[in-house]
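Student: Please build the complete structure, drawing on both the sequences and the hints.
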Amino acid sequence: MNQEIVTIDLGSNSFRVLKYDCTDHKIISEYNEVVGMADGLIDTGLISSEALQRVIEAISHSIQVINYNPEDAICVTTAAMRKALNNKDVLEYFKQKVGTTFTIIDGKEEARLTLLAVKYALKREKIYSEKFILLDIGGGSTEIIINTNDTYESHSFDFGIVTMTQKSLNYDDLHNDLEFRKKEIKIFLDNLDIDLKDYSFVATAGTPTTIAAIKLGQDFFSYDRNIVNGTIVNLEDISNSLDIFKNSSKEDITKLVGRGRVEFIEVGIFIYKMIFEVLNKKESIVLDDGLREGVAINYCQTKFKN
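Heads up: the sequence shown at position 6 corresponds to 6 in UniProt numbering, and the numbers run straight through without jumps.
Calculated directly from the structure, the hints in this document are not laboratory data. Among the clues, some could well be false.
[To be verified] In silico lysine-lysine, PhoX-like type, Cα no more than 20 Å apart, as pairs: (1) K282 <-> K186; (2) K273 <-> K197; (3) K273 <-> K246; (4) K281 <-> K186; (5) K186 <-> K131; (6) K215 <-> K282; (7) K108 <-> K126; (8) K167 <-> K281; (9) K182 <-> K197; (10) K215 <-> K255; (11) K119 <-> K131; (12) K197 <-> K282; (13) K167 <-> K182; (14) K183 <-> K273; (15) K26 <-> K123; (16) K281 <-> K303; (17) K26 <-> K303; (18) K183 <-> K281; (19) K197 <-> K215; (20) K83 <-> K108; (21) K167 <-> K183; (22) K108 <-> K186; (23) K273 <-> K182; (24) K119 <-> K26; (25) K215 <-> K303; (26) K281 <-> K131; (27) K182 <-> K282; (28) K83 <-> K167; (29) K131 <-> K26; (30) K97 <-> K182; (31) K186 <-> K273; (32) K246 <-> K131; (33) K215 <-> K273; (34) K183 <-> K215; (35) K197 <-> K281; (36) K186 <-> K26.
Tutor: Have a look at this one:
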């Protein structure tokens, strides 16, 4: 029986496709593109027609590159679609135009699936960690998951790199927003009544992987997830990245982070730094694995049970 599957994660900024082999839990091929789903969402409450077209083009292009049937793909979408007033129409449009059927998942399910992927990744990278705090910085939401052996607590916070960038017009506004979010996260952590010193800090998604890649001397075009996985990022690496972005041209920053992420990367780094401060951590383990891998693993576990 063919145990190859394709999963799609349509986020608030990124579109990520994975072809996955359930037999040995290996990635066969992948496709990533920035589609800017959440552009203008804060002002209008709607997914724009421009964003719609970008997603349709991305799906069509990914089909050519990875060679899959969109009707068979397991497709999930997250914060931007959760918030959009026209989400039903948008998803129906995708189905008509390219044949994809998307499921809108809530923050809890997003956290569960991302955690599943990260647990597999930690094992694969031979990193022993039963107690860890997982950070997933998205475009429209940020998930924090506290994993304690076989149990976990998660919370989806209503901010991400795109929404915070579009809301905060200057550094003072951004600083105030970050301070507010810091208090919000601290309340969540205090209610759990755990000793943060016992937990390692694991981070996934575009901002942490970008900083890890820069530390390793990679750019957007030479990015290698296999080398990035398991990289330790510390506060000095974060400061170095901020310096690079402050003192580089838009062209140079685009080479580092890719098109469509230039205007968001600094805010992403400030969010990442803020989480370091809340957790009182000096370093974090970075992994490329996230939601689309979790969707694949979850499907493999349920569909192909022995």
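Student: It remains to establish, for every hint, whether it holds in the given structure.
Tutor: Verification of the hints:
1. For the hint linking K282 to K186, the alpha-carbon distance of about 17 Å falls within 20 Å, and the restraint holds.
2. For the hint pairing K273 with K197, the CA-to-CA distance comes to about 18 Å; that is within 20 Å, so the pair holds.
3. Of the pairs offered as hints, the one joining K273 and K246 holds, with about 16 Å between alpha carbons and a cut-off of 20 Å not exceeded.
4. Proposed proximity of K281 and K186 is supported: the alpha carbons are some 14 Å apart, at most 20 Å.
5. Using a Cα cut-off of 20 Å, the hinted pair K186 and K131 holds, with the two alpha carbons roughly 18 Å apart.
6. Between the alpha carbons of K215 and K282 the distance comes to roughly 16 Å, so the proposed pair stays at or under 20 Å and holds.
7. Distance hint between K108 and K126 is unfulfilled; the C-alpha atoms sit about 27 Å from each other, more than 20 Å.
8. Pair hint K167 plus K281 does not hold up; C-alpha atoms about 28 Å apart against a cutoff of 20 Å.
9. A C-alpha spacing of about 18 Å is found between K182 and K197, which places the hinted pair at or below 20 Å, so the restraint holds.
10. For a cut-off of 20 Å, the pair hint linking K215 to K255 stands: about 15 Å separates their Cα positions.
11. Annotation: proposed proximity of K119 to K131 holds, straight-line Cα distance about 11 Å (limit 20 Å).
12. Of the supplied pair hints, the one linking K197 and K282 holds, its CA atoms being roughly 11 Å apart against a limit of 20 Å.
13. Restraint check for K167 and K182: the C-alpha separation of about 17 Å stays at or below 20 Å, so the hint holds.
14. Pair hint K183 plus K273 holds up; C-alpha atoms about 14 Å apart against a cutoff of 20 Å.
15. Restraint check for K26 and K123: satisfied, since their Cα atoms lie roughly 13 Å apart, inside the 20 Å limit.
16. At most 20 Å may separate the alpha-carbon atoms for a hinted pair to count; K281 and K303 exceed this at roughly 39 Å.
17. A threshold of 20 Å between alpha carbons decides the hint, and for K26 with K303 the separation of about 16 Å falls inside it, so the pair holds.
18. With a C-alpha separation of about 16 Å, the suggested pairing of K183 with K281 holds against the 20 Å cut-off.
19. This hinted pair does not check out: K197 and K215 have alpha carbons roughly 25 Å apart, beyond 20 Å.
20. Pair hint K83 plus K108 holds up; C-alpha atoms about 15 Å apart against a cutoff of 20 Å.
21. Between K167 and K183 the alpha-carbon distance is near 19 Å, which keeps this suggested pair within the 20 Å criterion.
22. Of the pairs offered as hints, the one joining K108 and K186 holds, with about 19 Å between alpha carbons and a cut-off of 20 Å not exceeded.
23. Proximity of K273 to K182 is assessed by CA-CA distance (about 11 Å); at most 20 Å being required, the pair is judged to hold.
24. Taking the CA atoms of K119 and K26, the gap is about 15 Å. The hint holds against a cut of 20 Å.
25. Restraint check: the Cα-Cα separation between K215 and K303 comes to about 39 Å, which exceeds 20 Å; the hinted pair is violated.
26. Pair hint K281 plus K131 holds up; C-alpha atoms about 14 Å apart against a cutoff of 20 Å.
27. Note on K182 and K282: the hinted pairing holds, with a Cα-Cα distance of about 17 Å set against a maximum of 20 Å.
28. A hinted pair counts as satisfied when its Cα atoms are at most 20 Å apart, and K83 with K167 qualifies at roughly 15 Å.
29. The suggested pairing of K131 with K26 is violated, with an alpha-carbon distance near 25 Å, which exceeds 20 Å.
30. Between K97 and K182, the direct Cα distance comes to roughly 42 Å. Violation of the 20 Å bound is thereby established for this hinted pair.
31. Of the pairs offered as hints, the one joining K186 and K273 holds, with about 14 Å between alpha carbons and a cut-off of 20 Å not exceeded.
32. A threshold of 20 Å between alpha carbons decides the hint, and for K246 with K131 the separation of about 35 Å lies outside it, so the pair is violated.
33. For the hint pairing K215 with K273, the CA-to-CA distance comes to about 16 Å; that is within 20 Å, so the pair holds.
34. Distance restraint check for K183 and K215: the Cα-Cα separation of roughly 30 Å exceeds the 20 Å cut-off, and the hinted pair is therefore not satisfied.
35. Between the alpha carbons of K197 and K281 the distance comes to roughly 8 Å, so the proposed pair stays at or under 20 Å and holds.
36. This hinted pair does not check out: K186 and K26 have alpha carbons roughly 37 Å apart, beyond 20 Å.
The structure is inconsistent with the numbered hints 7, 8, 16, 19, 25, 29, 30, 32, 34, 36, although it conforms to all the rest.
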